[in-house]
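Enquirer: What follows is the residue order along each chain.
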Amino acid sequence: MQTEYDLVIIGSGAGGAPIAHELARKGKSVLMLEKGPLLVPQYQAPSGISGFRRDEAFSTGTEKILHLEVSNKGASYYSSHVEPDLNDEPHVYRRADGRDDATIEGYTAQVVGGGTQLYGGVSLRFTPRDLTLAQWNNRPGAALDGDPNDEVRRAARDWPFPYAALEPYYAKAEMLVGINGTAENQNKPFTSGDQYQKPLAYNPISEHVKTGMSALGMPFYRTPLAVITADHAPSGRKGPQPGEAAKTAYVNRYGDPMGFKSSTWVSLLSPIKDLPNFSLMPNCTVTHLSSDGSRISQVHFLTPDGTPRTVSGRIVIVACSAIESVRLLRLSADIDRTGFAPRINQDGNGMLGAYFLTHCFGGASALVPSSERYDKSETLDSDFASDFCHADDFLAAQRVWAGAVIYNNTSDRALPLAMARNLGSRDLDTIWQGFNQNTGLISDALDQFLDHSFGRGLSITFMANQVPVKTNRIELHPTVKDKWGRPVAYIIKDYHSHDVALMNKLADLCRQVLVKGGVTDDIGSGAVFGKDELARCANHILGGARFGTDRTDSVLDPDCRAWGFDNLYVTDGCFMPTSGGANPTLTIQANSFRVADILAARI
Amino acid sequence: MKREPLDHTGVLNLAAKYLSRRHDAAVGDYAEPWRFPIIDSDRAGETAQNRVTFLWRAADQNDGRAVAVVGTFDNLWDATPCEPVQFDGAPTLYHAATVLVPKGQIHCYKFVADGQPVLDAINPQRVVLDNGIEWSRFFTEQCAIPVSFERRELAILARLTNEILPFTSDDAQKFMDLYYFTADQQARETALHQAFRLEQPVGAVNYIDKLLAREERHRLVDYKICLKLIDNVLRGRFPGLAAADISKDAYQTLYHQMAADHVDGWDTSQYGSPNYFLQVLRRHTYTGAFSHPKYGGNAGAAGWAWLEHRFRGPKDESCFNWQRAIEPPFGASADYIA
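These protein sequences, in sequence, are chains A and B.
Here the first sequence is numbered in this note's numbering, starting from 59 and rising by one per residue.
Here the second sequence is numbered in this note's numbering, starting from 2 and rising by one per residue.
These aren't lab readings, by the way, just hints derived from the structure by calculation.
Hints are supplied without guarantee of correctness; some may be wrong.
Simulated coverage check for chain B against chain A, where a stretch passes if three residues somewhere in it have a Cβ under 8 Å from a Cβ of chain A [to be verified]:
1. 11-20
2. 36-44
3. 211-217
4. 227-239
5. 304-310
Since we're looking at a predicted model, the values are computed, not measured.
Cβ atoms here follow ideal geometry from the backbone N, Cα and C, with glycine treated the same way.
Could you build the full structure based on these sequences and the hints that come with them?
Expert: Okay, here's the thing in structure tokens:
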């Protein structure tokens with residue numbers, strides 16, 4: 059039984075897989091530990107059948123009841139097959155009234171591949187401006203709405219390197235992961251070339267989005283999606299035949315049984331899975347790290363039957379999603395209060411867990427005219443996107459601190475169970491509630507409801523930077539424990555007043571896109587979706603261990619190495635000092651490829 | 002019985018998440034124990050049977066008992082040995098055996114540990130036979146034999162769920178009749194068995210019957226209490242009439258009273274809110290009509306076929322071409338297997 063490796067990587071998603079891919083191929087011994095199961099596409103399965111299915115019970119399961127001692131004890135919840143049982147491992151957040159609720163928000167999927175198995179696949183680069191928000195907001199004449207105390211300027215941080223340093227790694231990620239889209243009209247330089255596969259024909263319903271964006275002078279492009287549309291040589295995957303076969307409504311929150319969606323398992327880990335120097339151990343839960351001075355000496359984990367075991371690595375990478383990574387570091391600090399704790403907490407400067415970020419997000423939604431409805435079950439997750447709101451001119455004119463991408467969603471309201479359980483629900487905590495309470499929707503009225511909605515739903519989403527606030531943070535909950543008796547993550551967050559101003563502006567713009575596109579039936583738009591905005595995470599969980607050049611202001615150095623340690627790196631979304639105006643996965647992957655080069659030069 | 006080769010990672014994928022935990026964990030012995038034994042599709046092309054994997058967890062590292070499984074899926078004198086599930090080249094606390102069992106069946110089983118019969122400690126499904134002996138139980142996919150409800154309960158549920166579902170129009174009725182009539186022989190036997198046997202177009206009642214034995218076992222008590230209360234209400238209103246013979250108007254009235262949370266004759270000391278039960282029933286009914294047919298509802302995919310027929314685009318093309326994404330025999334995907 060091997061116990062020493064060049065690298066031990068905790069987590070197999072966007073933060074961990076690129077490093078495993080690069081260093082295993084360079085001959086380094088790599089152990090990857092993953093808490094979740096290994097579910098493979100059907101072409102790899104011994105039985106010929108994937109652990110992922112086109113089955114609506116997989117994305118949102120049957121009812122479970124919360125039994126924990128929290129204020130929403132007794133609540134119903136409906137999780138996917140790769141999210142933990144909330145009773146086993148809850149996320150707890152503090153509500154506005156000070157009470158604590160468990161929430162199903164903020165999990166990125168516990169499975170080999172992590173969130174990249176379930177995501178819609180939107181794979182956008184951040185813009186150069188996203189990485190230089192301190193410079194921008196401290197320019198002469200800068201002025202913002204909703205920031206009476208002039209806080210945003212001081213909260214803004216530049217990343218410790220410019221876009222140009224990340225650009226080659228974006229290109230590398232786009233090539234190795236396998237992404238379709240178009241580069242023209244994106245407000246980011248593609249210096250290293252366009253690596254996209256060709257997009258498929260868009261769903262006819264998205265024509266309205268083209269019309270609306272054109273009318274508003276918003277240059278648009280085909281949304282880059284991590285779905286291969288043709289054979290993909292870097293990962294050895296056969297593409298869909300024909301390409302259109304990749305389209306189903308079983309997209310967002312579904313793993314892909316065919317392996318066309320470019321999860322890190324099919325794109326980055328499968329190509330190295332048979333190397334003798336690479337080991338993947340699924341179903342293994344890391345409990346804590348222990349250290350000897352500045353060196354992480356051991357990684358402690360539980361095997362699939364709960365037997366404790368330890369391994370060591372010359373380098374240890376923590377990449378188990380922002381909330382769980384911060385939790386793991388805090389748990390390790392609690393166990394070793396004189397060794398690990400002062401090093402990771404840097405003698406109590408309060409940075410670990412602080413500046414937790416999600417996104418400012420929201421949008422607008424309506425129904426296309428009933429005479430124009432189409433089959434929405436033949437689709438990917440999004441067709442068109444625009445960087446209109448990323449332009450400096452837009453930021454200055456709108457008095458907002460940072461930009462955002464706007465794109466349409468096509469896979470929502472496409473399947474029969476989703477149409478009912480998502481009725482009136484704004485987040486994962488309110489699934490089924492709207493349908494349940496509307497007991498008049500039966501028989502003919504139910505038929506009319508379905509007729510009214512089928513093939514007509516069209517949504518536009520914005521994804522914007524959230525202002526970093528130190529009190530938004532991840533802690534360990536004082537009383538609630540997981541199934542192993544370990545304290546669970548405690549999420550404490552709110553939105554800054556400028557976030558609210560920015561979200562209102564962007565939601566209005568999304569609404570205008572629909573109106574100009576002729577989509578006005580049942581129109582609604584909003585800033586913050588959710589029964590409780592304090593719970594809403596959208597699975598974009600970022601920050602909490604940000605990197606920077608000043609060790610008093612960050613947890614990680616620019617290489618993503620913990621300031622207090624020599625061999626501890628953290629590479630999931632928690633390194634981000636700002637959350638970017640786009641979905642974060644591609645940036646996490648690109649940064650991990652960057653860190654992989656640094657590590658390759660080191661060991 | 003011939004044992005199938007064991008997919009060790011496949012077993013650990015479920016065991017670790019749902020069964021492994023600290024012994025004194027405050028959160029219960031297991032999560033989602035209804036998932037055991039594991040009932041899954043058989044390999045590509047074999048659609049008539051399920052792979053059934055029995056899982057045993059040893060007490061600790063020193064528990065060296067030899068474990069086998071016996072049950073009505075095989076000769077009762079033939080025990081199928083369970084083998085240790087391997088992780089990283091070494092045995093774990095888990096032992097498992099996979100066998101093939103036809104779909105649509107119910108079976109009793111026990112483990113035999115060092116010669117002693119033992120109930121499955123994980124699976125909550127138990128049944129006491131006429132001779133007073135308790136067995137563990139499982140059923141395979143598309144099972145149409147009632148496991149949760151009695152005859153009169155089924156009759157009331159069939160009527161109430163028909164009030165909920167959107168299949169009451171003449172067009173819908175005609176479509177359903179034609180759909181079953183044109184279904185091939187095998188599909189029709191299953192579909193007819195599930196649906197018309199319960200006087201119900203898509204078998205939502207059968208879905209609920211199965212759901213309450215497994216996934217939402219915690220809701221069985223709601224049904225048992227409320228169906229008894231509804232039965233009392235109906236007997237009071239229509240003395241001597243069987244549930245099936247009571248008029249549609251009467252069920253409509255009952256539905257609306259339940260929705261309004263006020264039902265004359267409802268004993269609120271036994272169950273406070275008829276509306277709450279109605280919400281659960283309605284969610285289950287809708288889910289049963291449109292879930293994958295393997296769960297026992299949406300018989301022969303008739304629910305999906307109705308949506309395909311009903312909702313059309315500008316050129317009369319369907320807005321729900323479900324068949325292209327779904328595996329045969331329900332759908333027509335050329336590539337996807339499930």
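Enquirer: Which numbered hints does this structure break?
Expert: Violated hint: only 4; rest satisfied.
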